[in-house]
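Top to bottom, those sequences are chains A, B and C. Quick note on numbering: the first sequence equals residues 0 to 380 in numbering that gives the first Met the number 0. Quick note on numbering: the second sequence equals residues 0 to 150 in numbering that gives the first Met the number 0. Quick note on numbering: the third sequence equals residues 0 to 70 in numbering that gives the first Met the number 0.
Just so you know, the hints here were simulated from the structure itself, not pulled from any lab data. From the three backbone atoms N, C-alpha and C, an ideal C-beta is built for every residue, glycine too. A hint or two may mislead.
Claimed, not checked - Calculated cross-link-like contacts (lysine to aspartate or glutamate; reagent style DMTMM-like; alpha-carbon spacing at most 25 Å):
(1) 21/C / 149/B
(2) 347/A / 49/A
(3) 105/B / 203/A
(4) 21/C / 203/A
(5) 66/B / 102/B
(6) 18/C / 275/A
(7) 43/C / 147/A
(8) 21/C / 147/A
(9) 21/C / 275/A
What the hints assert, rightly or not - Derived CB-CB ranges, DEER-like:
(10) 286/A / 106/B: 45 to 53 Å
(11) 125/B / 123/A: 45 to 53 Å
(12) 298/A / 93/B: 42 to 50 Å
(13) 336/A / 93/B: 49 to 57 Å
(14) 25/A / 81/B: 27 to 35 Å
(15) 278/A / 106/B: 53 to 61 Å
(16) 33/A / 84/B: 25 to 33 Å
(17) 81/B / 123/A: 35 to 43 Å
(18) 336/A / 105/B: 28 to 36 Å
(19) 25/A / 97/B: 53 to 61 Å
(20) 208/A / 66/B: 32 to 40 Å
To be verified - Far from chain C, by Cβ distances over 12 Å, these chain B residues were calculated:
(21) 45
(22) 55
(23) 82
(24) 95
(25) 110
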Amino acid sequence: MQLRLSTISCFLLASSSLMAEDYVSVEYMGYDKESGRTTISTPSIEINKDFGADYTANLSVMHDSVSGATPIYHDSSSGASAKIPEGTIYKNDIEYSDVDYEDERTAVTLSLTKRFESRDELTIGGNYSKEHDYESKEMSVEYLHYLDSSKNQSISIGTSYQKNDVSVYCSLNTDECDSSSGASEKVKTLDVFSAEIGFTQVIDKTSQLKSSLFYINEDGYLSNPYMRVVRDYNRNPKLTQEEKPDSRKAYGALVQYSKALSDRLTTVSSYRFYSDDWEINSHTLNGELYYEFNDKLTTGVGLRYYTQSEAKFYNASADYFTDQTYASSDRRMSSFDSLNYKLSGDYKISSDISINASLNYYDQPDYFSAFYYNLGVKYKF
Amino acid sequence: MRTIFTILLFSSLLFSYQKGDIVSSEIKDKLEMKDNKIYVIDFFASWCASCKREMPYLSKVNDTIDKSKIELIGIDVDEDLKKGQTFQKELREAKKLNFRVVDDPKGEIVKLFEPVGMPGLYIVKDGKVVDFLFGARDNIDKLLLDVLKEL
Amino acid sequence: MRTLYLSLVITLFGGCSIKDVKPWEKGTLAKETMREGGGDVLFKKFANHIYFSKEGSKGGGGVAGGGCGCN
Numbered sequence: 000m001q002l003r004l005s006t007i008s009c010f011l012l013a014s015s016s017l018m019a020e021d022y023v024s025v026e027y028m029g030y031d032k033e034s035g036r037t038t039i040s041t042p043s044i045e046i047n048k049d050f051g052a053d054y055t056a057n058l059s060v061m062h063d064s065v066s067g068a069t070p071i072y073h074d075s076s077s078g079a080s081a082k083i084p085e086g087t088i089y090k091n092d093i094e095y096s097d098v099d100y101e102d103e104r105t106a107v108t109l110s111l112t113k114r115f116e117s118r119d120e121l122t123i124g125g126n127y128s129k130e131h132d133y134e135s136k137e138m139s140v141e142y143l144h145y146l147d148s149s150k151n152q153s154i155s156i157g158t159s160y161q162k163n164d165v166s167v168y169c170s171l172n173t174d175e176c177d178s179s180s181g182a183s184e185k186v187k188t189l190d191v192f193s194a195e196i197g198f199t200q201v202i203d204k205t206s207q208l209k210s211s212l213f214y215i216n217e218d219g220y221l222s223n224p225y226m227r228v229v230r231d232y233n234r235n236p237k238l239t240q241e242e243k244p245d246s247r248k249a250y251g252a253l254v255q256y257s258k259a260l261s262d263r264l265t266t267v268s269s270y271r272f273y274s275d276d277w278e279i280n281s282h283t284l285n286g287e288l289y290y291e292f293n294d295k296l297t298t299g300v301g302l303r304y305y306t307q308s309e310a311k312f313y314n315a316s317a318d319y320f321t322d323q324t325y326a327s328s329d330r331r332m333s334s335f336d337s338l339n340y341k342l343s344g345d346y347k348i349s350s351d352i353s354i355n356a357s358l359n360y361y362d363q364p365d366y367f368s369a370f371y372y373n374l375g376v377k378y379k380f
Numbered sequence: 000m001r002t003i004f005t006i007l008l009f010s011s012l013l014f015s016y017q018k019g020d021i022v023s024s025e026i027k028d029k030l031e032m033k034d035n036k037i038y039v040i041d042f043f044a045s046w047c048a049s050c051k052r053e054m055p056y057l058s059k060v061n062d063t064i065d066k067s068k069i070e071l072i073g074i075d076v077d078e079d080l081k082k083g084q085t086f087q088k089e090l091r092e093a094k095k096l097n098f099r100v101v102d103d104p105k106g107e108i109v110k111l112f113e114p115v116g117m118p119g120l121y122i123v124k125d126g127k128v129v130d131f132l133f134g135a136r137d138n139i140d141k142l143l144l145d146v147l148k149e150l
Numbered sequence: 000m001r002t003l004y005l006s007l008v009i010t011l012f013g014g015c016s017i018k019d020v021k022p023w024e025k026g027t028l029a030k031e032t033m034r035e036g037g038g039d040v041l042f043k044k045f046a047n048h049i050y051f052s053k054e055g056s057k058g059g060g061g062v063a064g065g066g067c068g069c070n
């Protein structure tokens with residue numbers, strides 16, 4: 000469903016914040032939509048293991064169980080089901096409301112880092128995730144090069160390629176299938192290529208600046224098979240599958256500044272700019288503040304602000320498109336702002352074991368809000 | 000003028016200990032070093048993961064050497080003295096550290112050596128720096144024993 | 000070569016307040032709280048899923064993870 004958790008979100012271009020440390024981290028993460036029924040529970044595990052001084056392997060496995068309801072346009076006369084046949088309907092029967100669904104997803108990420116004599120790092124990663132109607136495979140390569148002997152400056156380049164298979168059920172999208180073949184689904188593909196170049200500069204003993212430029216190219220089936228739009232064919236409203244362009248090119252830039260204000264107080268702030276050829280431009284500001292009460296307890300607060308412009312083919316208020324080729328009523332294509340608030344805590348039980356927890360509130364005013372949280376244990380061995 | 004500029008520019012390189020350099024009497028006093036002994040000096044910190052990993056291997060070396068001829072000295076460069084000492088205590092309790100450690104929270108000792116990486120390991124014989132090993136290394140115990148055998 | 004490189008770096012950044020932080024001075028930079036998300040990789044991934052599932056843009060979380068050289 001449109002709350003598809005998978006895939007395209009996480010380019011694995013593994014963050015090379017890999018410390019040369021062996022640990023296992025087990026977390027339970029949960030999500031509850033406010034005033035709704037959507038819940039997600041995600042048990043997950045991450046293992047980081049060094050093999051000698053020059054190799055590090057990192058494995059993470061996440062399992063999502065999603066159950067709930069998500070709003071889409073559907074034909075109320077045929078029942079509150081996502082399985083709506085396309086065709087002519089009456090305007091009064093078109094409804095934008097919750098439709099039940101359930102889904103599960105497992106995602107596995109493995110990365111291997113090799114450090115050279117110069118301490119430059121090469122990281123090769125693989126990512127696989129699967130849910131009932133979606134399968135994603137990804138490979139990535141990243142190289143980190145230190146520019147000076149004190150390792151205060153580094154440059155990194157990375158690239159990833161992702162191949163996705165989307166199952167479109169013929170019962171949902173009759174246009175996609177050849178009715179005579181009797182097939183129940185059609186598999187569509189989506190290829191995603193991304194590249195990123197980053198530069199890190201240590202400014203002084205207590206601050207550092209990271210910056211990066213990224214490019215993402217998507218080719219293939221970018222529509223959501225569950226999303227509907229209402230098309231106005233000569234005042235004959237029809238509920239049809241949404242149609243997004245089959246390619247998307249995006250670029251962006253990110254800057255992140257970390258600063259320790261005192262022995263106990265640390266801030267991390269970042270700004271990201273994003274722009275694509277669907278005419279979505281977005282700005283993301285994130286600020287985090289951490290306070291160490293003592294050697295054992297660290298707490299944090301975070302605030303994230305996000306704003307984007309709408310895609311050129313988006314329409315929601317009237318939801319009546321004319322004969323234009325591309326049409327979507329996917330909220331993610333609209334213009335909106337969102338805020339995310341975060342509270343977190345980390346407690347060291349011993350030098351090897353720590354527990355952590357966080358509570359987050361995500362809000363798109365007047366439309367959507369949700370709580371999500373995590374509880375975790377980390378064991379260094 | 001140009002010479003002064005060059006000296007200023009590369010002062011850090013000029014003043015850091017290279018092979019063959021004589022260790023100052025100030026450091027010898029601070030570390031209580033004797034002239035007729037070989038010293039292995041290990042610069043480490045609690046936040047340095049590779050340093051932590053090397054510690055048991057260095058302790059293993061310390062078990063095998065003739066202590067009347069060779070001595071290992073750890074220099075903890077943690078600016079937070081308390082953090083450093085807690086770290087040392089944990090290592091000792093876990094039997095991963097069995098040699099003498101000198102705390103250097105102000106960096107007075109490390110500034111004279113200027114290791115280019117952490118952990119920084121120096122071998123001093125007859126008051127002279129004869130070898131060093133920087134950064135995380137595989138089989139550090141073997142490497143170090145090989146170096147010591149040559150002396 | 001090293002001399003040439005060093006003089007280039009010093010010329011480039013000489014005017015800024017960028018300091019040459021020595022390997023033994025990186026205790027603060029090595030802190031997990033100097034990284035976005037406080038170093039919690041799993042939860043950062045989860046949060047990114049949620050943002051992705053509700054927002055129309057993505058990217059930038061990748062290669063800028065250049066080390067502080069504090070290992």
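Check: Quick check: which numbered hints come out false for this structure?
Finding: 1, 6, 7, 9, 10, 12, 16, 18, 19, 20, 21, 23, 25
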